[in-house]
Amino acid sequence: MGNIVTAINLRKYFPIVGGVFRRKIGDVKAVDGVTFTIKTGETFGLVGESGCGKTTLGKTLIRLLDPTSGKILFDPEGNLPEDPKIGERINNYDISSIKGRKLKSLRRYMQIVYQNPSTSLNPRMLVKDIVAEPLVVQGLAKGKEAEERVLQILERVGLAREHLYRYPHEFSGGQKQRIAIARALITHPKFIVLDEPTSSVDVSVRASLLDLFKELQKKMGLTYLFISHDLSMIEAISDRVAVMYLGKIVEIADPRELFNNPLHPYTQALFSAIPIPDPEVKRERIILGGEPPSPANPPSGCRFHPRCRYAKDICSKQEPALIEVKPGHYVACHLY
Amino acid sequence: MEAILRPDEQLRVKDLVVRFYTYEGIVKAVEKANLNLKKGETLGIVGETGSGKSVTALTILALTPLPGKVEGGSILFKRINGKVDDILKLSEEELVKLRGREISMIFQEPNAALDPLYRVGEQVAEAILSHRLPEMLDRAIESLKEELKNGNGGFSSKLQLWAYNEMKKNPDALKLKLVKKLPIIGKTISRKLNQVVRDEIIGLLRLMEIPDPERVVDSYPHELSGGMQQRIVIAIALACSPLLLLADEPTTSLDVTVQAQILDLITRLKERFGASIIYITHDMGVIAEISDRVAVMYAGNVVEVAPVIELFKKPLHPYTKALLEAIPRPGASFKSIPGTVPNLVNPPSGCRFHPRCPHAMPKCMKEVPELRRITKEHYVACHLYGGEGYGKHSDSD
Amino acid sequence: MKELKFILRRIRETPLSIVGLAIVIFFTIVAIAAPALAPPRPGRDPYMIPRYGYSPIPKPPSPEHPFGLTQGQYDLYYGVIWGTRAAYRIGVLIIAVSALIGIIVGGLAGYYGRIIDEILMRVTDIIFAFPGLILAMALVVAFGPGLDSVTLAMILVWWPGYARLIRGEILRIRSEDFVEAAKAIGCSDLRIIVKHILPNAIYPLLIMASLDIGSVVLTVAALSFLGLGAPEGYADWGQLISLSRNWITGKPGEPFAYWYVYTIPGLFLFLFVMGWNLLGDALRDVMDPMIRRR
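Protein chains in written order, with the numbering used here: chain A, 1 to 336; chain B, 1 to 397; chain C, 1 to 294.
Chain A on its own, in the form it takes in the complex (with noise of 0.2 Å):
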């Protein structure tokens, strides 16, 4: 199986203006120079807390915002040899600045889920319109062969034919999900962003969507970028997880190897705050002090430093690159 997307060196600044001109005094970096690649048919988590930067990088991978800088290389078939020699043949599959028509037909292939169902849905359209959308603006179907096909998808998802002529507001938190995933997947695209997918639904229903996206990743050969900030539910449903800081990828490895033998200072401190549903296990909690720097003004070096328990000279005047210290197991920290 070949990487189906690439990261390389990848930014996204947000400007900041001010004055009565309105000219930029900043930037804030909400992806800062990132590398990685994420398999076909695998399920990438993401973790990371609020403002690190996850959900930006989740949307400029698909194109919804523009990088600032680096390459994202975009593979749906597998025709990119595992390591591509620099050239010609990488900017075939770098989707980083393409525009118009070619943007607009990638996005078949790329679909978002978003967090909240009730305001990622228009209140005033049907089901039905709602679901055959990407349909008719992509030119793949009309009319009574859209409705056909809207129908296939809808009870892939778990809804019926009864369901087509409603509006949003009518449905459950986790069935207005359902429509938004059939949304996505009804030109079948081959992968998807999911971005908090279950944070707004009950926990009652929450497992019944993390089974749907398994079942659909088998029977689609999708592949996920699973973002979420629930580090359990990462664990549970992901093949590979990464986790973000400060506009930076720190760690990534297998979810079993991460939550057994996590390596970086942050990961460990991250892993130790969850909460652990079992009254007699009483966790050794590593209780980070200070709060979160800005992302318009990281810290020097390794942007951890300040929060770090192990932080050393060189901490506060290298940034630490990201590397291989076990097989598949990466992390950016001078300790290693």
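Simulated from the structure, these hints should not be mistaken for laboratory data. All the pointers check out, no bait thrown in.
List time: in silico DSS-like cross-link candidates among lysine-lysine, alpha-carbon distance up to 30 Å: (1) A:39 with B:335; (2) A:282 with B:314; (3) A:218 with B:335; (4) A:71 with A:59; (5) C:195 with A:144; (6) A:214 with B:321; (7) A:128 with C:5; (8) B:313 with A:282; (9) C:183 with A:102; (10) C:183 with A:190; (11) A:282 with B:376; (12) B:89 with B:38; (13) A:99 with C:183; (14) B:177 with B:158; (15) B:187 with B:175; (16) A:190 with C:195; (17) A:218 with C:183; (18) A:99 with C:195; (19) A:144 with C:183; (20) A:190 with A:71; (21) A:104 with C:195; (22) C:195 with A:59; (23) A:214 with C:183; (24) A:219 with A:39; (25) B:335 with A:214; (26) A:218 with A:128; (27) A:142 with A:104.
Sample of chain A residues with no beta-carbon within 12 Å of chain C, all distances over it, derived: (28) 145; (29) 156; (30) 190; (31) 306.
The model shown is predicted, which means the values in this text are computed figures rather than measured ones. Cβ atoms here follow ideal geometry from the backbone N, Cα and C, with glycine treated the same way.
Fit chains B and C to the supplied structure of chain A, relying on the hints for placement.
Below, chains B and C alone, put in the same frame as chain A:
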């Protein structure tokens, strides 16, 4: 009926019924809910959206959100003077004294609980001055006397001393109001009091482990992070050392690392202030961490009450079991509860969980199960179990 | 359907809105049935009121002229009936065109922002800087009196309000997730504006427009009263009130001798404005909570 609480009890909610009159129909939000809370304990209430957990909490403050109406039941509360009152029968005047002083609340969204137009210090001061004015006056008077004795107090100290003594007698006296309106003098009068209150606030913020409290006192809420804002809200809630603290999902909008800090803080503050806590959440992990006992709510009913360890080890109600199984665990497949949370305009007959329950019997459709005692401290509302009624235990104990 | 039922039920629950609705329905019927209620003379412009002589003194109601004759012997009954039609024609035209301009300008400013927004909103600022009636008067004088210039002037004065409203709504809706979701499936800007943003932004505009119909008609009547609007003899309430100007004080000893010349068109105008205001208020009450209901 006479209001009785056992000596170690702080609060008892009995057969509480709350309904909402909406255009879609009558929402039966809370139906015969029973709860009790011991002194100094933390009771976790766990439930999904629409389980009635937040409505129950607000009703304990007699702040049932509109268009809700309390249609039955009682909320017995042991007051600061040792008397037991039914909160639902108190006058508005009494309630004002109760809220903030004896019972206070922390909400989910700290930035909604703080007024963006006032500095943090002013907001904490409001809580202190509305309930602890005499204490603050005493402190101010004490410090002024000290000053005069040491000979470094002038006319302004004497003036303030006079004013504070007057205030202690009758804070609403006309002459005080007039004096406060005077230019320079009006300002002078409150100088010492403001200083005393400010010192108190800074001490309080320090207790909340807020770094650099002298700076934070003078900041506006938007200048602080979510975690800091929630600490301020907790400071306001604890400013008057209440007997009962209601915490409605106070960490849901926060990140895990910040949540860990806040949970840690609440646990430690509880020991210091000795308050009883009702902690509402949907997160089983948080429940396991913070509570002594747990009440599980489903669709307006309390379905199970047990000590936390017992609830996690030996859950009885099928809903509790399902809720525990729904927690994602690595390796294991996800288990969800079939069906959806019922519409409370037309709740299922009998036990409200029966359409989703794997053990449903014909009886479950017809009869509403009562909350019954199974072991000493374990109660469950389910036809699968026998046991004696909830209300009866206080006589037998 | 469900929403319509809900709206009707809410309207039923507030008695004042029923009054408003009844008044508006009454005027609508009068406007539609004008040719039957007051048949025009064949071959003449039906909006010109027939005259029955040239005497300057008004005549009280009589069987042939149920509301009497005005100064110059214009038939008041014919005038107010056809005036209803004229009020609708002018009011609805002005509101519709203003709203359309408002949607386009507000839409462009709100969706694209930056310089386009800056320019368009400064233009509305300039128009807002003048009192509406005065500006309309000045424009009519510049264009030359007449109904067409009144209509044009009113549109020029009226659209910025709608543009502002739509712009605000669009700024709010533009940041909603479903707009970004539409972008994610490849919708063009035009489709996003027309299909996703406007349907969600239009309700406040409908409410404001229904509230405004009354005020537009009132303003046009004021311009007519000042002699800037319709030509003499045109069926227009403002014009009719203007004709009564000399007769408001009545005769010596008989202060209300000519009550009909000012009361009748005044009453029509008053009821019309009030009806639309009540209806608009009702719509606002109904739609606001409906949007927020969930």
